[in-house]
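Each step along the sequence shown adds one to the number in my numbering, with nothing skipped, and position 58 is 66.
All clues given are correct.
With a Cα cut of at most 30 Å, we get these calculated DSS-like pairs of lysine-lysine: (1) 112 <-> 77; (2) 27 <-> 112; (3) 32 <-> 43; (4) 77 <-> 50; (5) 52 <-> 27; (6) 32 <-> 47; (7) 77 <-> 47; (8) 50 <-> 121; (9) 43 <-> 121; (10) 121 <-> 32; (11) 77 <-> 121; (12) 174 <-> 289; (13) 52 <-> 112; (14) 52 <-> 77; (15) 112 <-> 50; (16) 112 <-> 32; (17) 27 <-> 43; (18) 50 <-> 27; (19) 121 <-> 27; (20) 43 <-> 112.
Hints are computed from structural coordinates only; laboratory data are not their basis.
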Amino acid sequence: MTETILLVDDEPNILQGFKRHLRKDYQVELAVGGKEALKVIKEKGPFAIVVSDMQMPEMSGAELLRRVKDDYPSTVRVMLTGNADQNTAAVAVNEGQIFRFLNKPCPPDQLAKTLDSGLEHYRLITAEAELLNKTLAGSVRMLTQVLSLTMPELFGFTYQARQWAKLIAPRLGIGPAWEVEIAAMLMHVGFVALPRETIHAYLSDGSIGDEHQSLIDGTSQLAFDLISVVPRLENVAEIVRRQYDVPSDPTPQASRVLHAIADYQRFVRHQSSREVLERLKDKQTYDPYVVQALGNVITETRGRKAVGIDGLKDGMILHSGIQDNSGRLLLAAGMEVHQAMIQKLTILAQSATGVREPIEIQTTEADDSDMDESSVEVSHLLFEGV
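Could you put the whole structure together from the sequences, leaning on the hints where they help?
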């Protein structure tokens, strides 16, 4: 509900008095107490501003606004209280990161000025979020699409990695979510400087060799140098830089997610899903909680169906790689379908090399008929010691 304000108090008369003074200039909803407020937010929110009384039975205003902060970080939070002592203010500010702190009784004109400032702050927050989602994320997506067309055996993993990271992050309490997603999309960007034989060694199932490994180890720093110059991507750059660190503090958990996803994607080219997840149970190299979450996510996104080139649409995900008639890989499994890809396949299908059809794409739900020995449901795995 865009730019609507939620007023919360345990006294209905106070709420009605505020509403009478504010309803001409603002869209206002009311909630009596913290529990009702959470219900209203779930049904009608998110709200631009939540104004809450501090001293309420069952749930304090500080607790309510802390939960609002956790679930709806863009919502501006304002605290009203009749208790003016410093301790109350400190609790409210620390737990809920309050935008304004007002004492009761609060004159309507003072509350109106605070709401005006809060709405302006909310517009700035949402404008920045739109910039990140549509401009920055869109630019990163375009870059990775170009790279996936030129080097599908490596950058074809990008969209799948992003989707898995997006699903894993909230399960492990990692955020902000957009940083984890973009980090997953850019985790291999340092590989652009590697010779082809080093990339082939990385993707093979044999020993990489000291010379190739040394070059691969340097890609995380190169990626950091490339990403960190982009405004607002400093944290993303650090997540990518730390992706090969040991899975313990102070290594960011988001970096551990990247490491597990990247190695799963390259190992599963040569082994079954079950075998790879068993391989990732090495606690010296991988975080067991990340591996458990990754296994669950893989199970949930395992389904597939076959379509022709004319059945491909933007946003579909390739379940299996696409090859030409000679067996050369054109596009890797896990890639997101986009118009440039469809046009490329249409042209190639009419050429001498051709394109092997049908093409397998992912579906949102697993189908038992699609399961084979190479795609065992990993939810049956037991991660001892987790």
